[in-house]
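Residue numbers (my numbering), protein chains in the order written: chain A, 1 to 372; chain B, 1001 to 1070.
Rather than coming from a laboratory, the hints here were simulated on the basis of the structure. Keep in mind the model is a prediction, meaning the values are calculated, not measured. Among the hints, a few may not be true.
[As the list claims (entries may be wrong)] DSS-like cross-link-like pairs, simulated, lysine-lysine; straight-line CA separation at most 30 Å:
hint: 1; chain 1: A; residue 1: K334; chain 2: B; residue 2: K1036
hint: 2; chain 1: B; residue 1: K1011; chain 2: A; residue 2: K38
hint: 3; chain 1: A; residue 1: K197; chain 2: B; residue 2: K1011
hint: 4; chain 1: A; residue 1: K206; chain 2: B; residue 2: K1022
hint: 5; chain 1: A; residue 1: K312; chain 2: B; residue 2: K1011
hint: 6; chain 1: B; residue 1: K1022; chain 2: A; residue 2: K197
hint: 7; chain 1: B; residue 1: K1055; chain 2: B; residue 2: K1036
hint: 8; chain 1: B; residue 1: K1055; chain 2: A; residue 2: K303
hint: 9; chain 1: B; residue 1: K1011; chain 2: A; residue 2: K192
hint: 10; chain 1: B; residue 1: K1036; chain 2: A; residue 2: K38
hint: 11; chain 1: A; residue 1: K37; chain 2: B; residue 2: K1014
hint: 12; chain 1: B; residue 1: K1022; chain 2: A; residue 2: K369
hint: 13; chain 1: A; residue 1: K369; chain 2: A; residue 2: K105
hint: 14; chain 1: B; residue 1: K1014; chain 2: A; residue 2: K334
hint: 15; chain 1: B; residue 1: K1055; chain 2: B; residue 2: K1011
[What the hints assert, rightly or not] Computed footprint of chain A on chain B, listed as stretches where at least three residues anywhere in the stretch have a Cβ under 8 Å from a Cβ of chain A:
hint: 16; segment: 1001-1009
hint: 17; segment: 1025-1037
Virtual Cβ for every residue (Gly too), placed ideally from N, Cα, C.
Residue-level listing of the chains:
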Amino acid sequence: MFRILEDLVLSSGLVNLTPGNLVMWLVAFTLFYLAIKKQYEPLLLLPIGFGILIVNLPLTFLMEPEQGLVWFFYHYGIEKDIIPPLVFLGLGAMIDFGPLIANPKTLLLGAGAQVGLYVTFFAAILLGFDLKEAASIGIIGGADGPTTIYLGSKLAPHMLGATAVSAYAYMALVPIIQPPIMRLLTTEAERKIEMGKIRPVSRLQKIVFPIITAMIVMLLAPPSAPLISMLMMGNLFKESGVVERLTNASSNELINIVTIFQGLAVGATMTAAVFLNPKVLLVFCLGLFAFCVSTASGLLMAKFMNLFLKVKINPLIGAAGVSAVPMAARCVHKVGSEANRRNYLLMHAMGPNVAGVIGTVVAAAIFLKNLG
Amino acid sequence: MAELTSPINGKVWKILVAVGDKVELDDEMVILEALKMETPIYSEENGTVSEIRVKEGDAVNEGDVLVVVT
């Protein structure tokens, strides 16, 4: 009788708990709190938090290779790079590239805001990370979840949880992180600049854009193909106007389904043994640094362009060059309207914002080409 | 007579004035919603609301007339 009881206790998860597991529970609970109470990116943080919680319950073997349920999600979804491109398919079906087509020079802002990636890449190397780790940390500055996961799973899978969570966390914190930098680097007069109406874009232009962009980007940077091809096909679905069912499936059901498995699988990489490591704290600091430098470089790029432009742009829209669609554009709009209540920058900021998505994918492709 | 037009594409979230209301420069007239964000639209002059061309929930494009003030 006593033996049976003893067996029951020894085979339970309880006696196998480590202090690290308990810390990870706290991390999971913190994410639950942020997602549910603060509504910070709940669609992402809730499944990630649950993933963290369940892999830190001992003896469940959920992440046991060739055996655990969540391992299969991770292996086929993330390791084999199926989910991030599918998320991009859905994003493409949602994104309106109109503001970028109307004002193609905002493409430069989307590129300018990628500077933070490279600065952080070198900073991380100086701090002792190897090249592959440094690249997957730098990409956090692009503020693009799927691209961060895509690159991280290829270059530094042991840090995937940390890089993905910090990318999503900083995206949620855009309204807190960006405004001080925006105010610091622009004058009141610059923030007041109104940008007028956006040039109307024809249906033909909107249809041609994803086709041409897909061809150019993939010819120039072939490793970007999985992400860019899906992004642009989704956008072609949307703009063609003839496959509403496919557009809706991509931008609703499909992206929702893969988001569940992406979050759960990413969360499940965060076992105590992997996550509780001083390097992880550094990843979060460097990620924040990347994000700030990207914001600043986008703003400075816009100010630089203004030296040559007859009709000045509002330099605030440069800050939207970090992808974080549409959080960064919203933030630009808000800061702009605080300086001048008749300033409606939202759509103008969407140009660099969507350009930033393309810019981050290209940056990831360059890292992959040289390090992968 | 002046037409207050929408500066952005979005949805009409709330209409804060009614026909016959006296409005002043910079009064909040309409709140639009775009990209999950509320954007207030302010009156561009003093006058009386003579016509409201949209209703709450309508989708509007940039340049569409929202309210007419005389």
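### Query
Which numbered hints are broken by the structure, listed smallest first?
When the structure is compared with the hints, numbers 4, 8 and 12 turn out to be violated.
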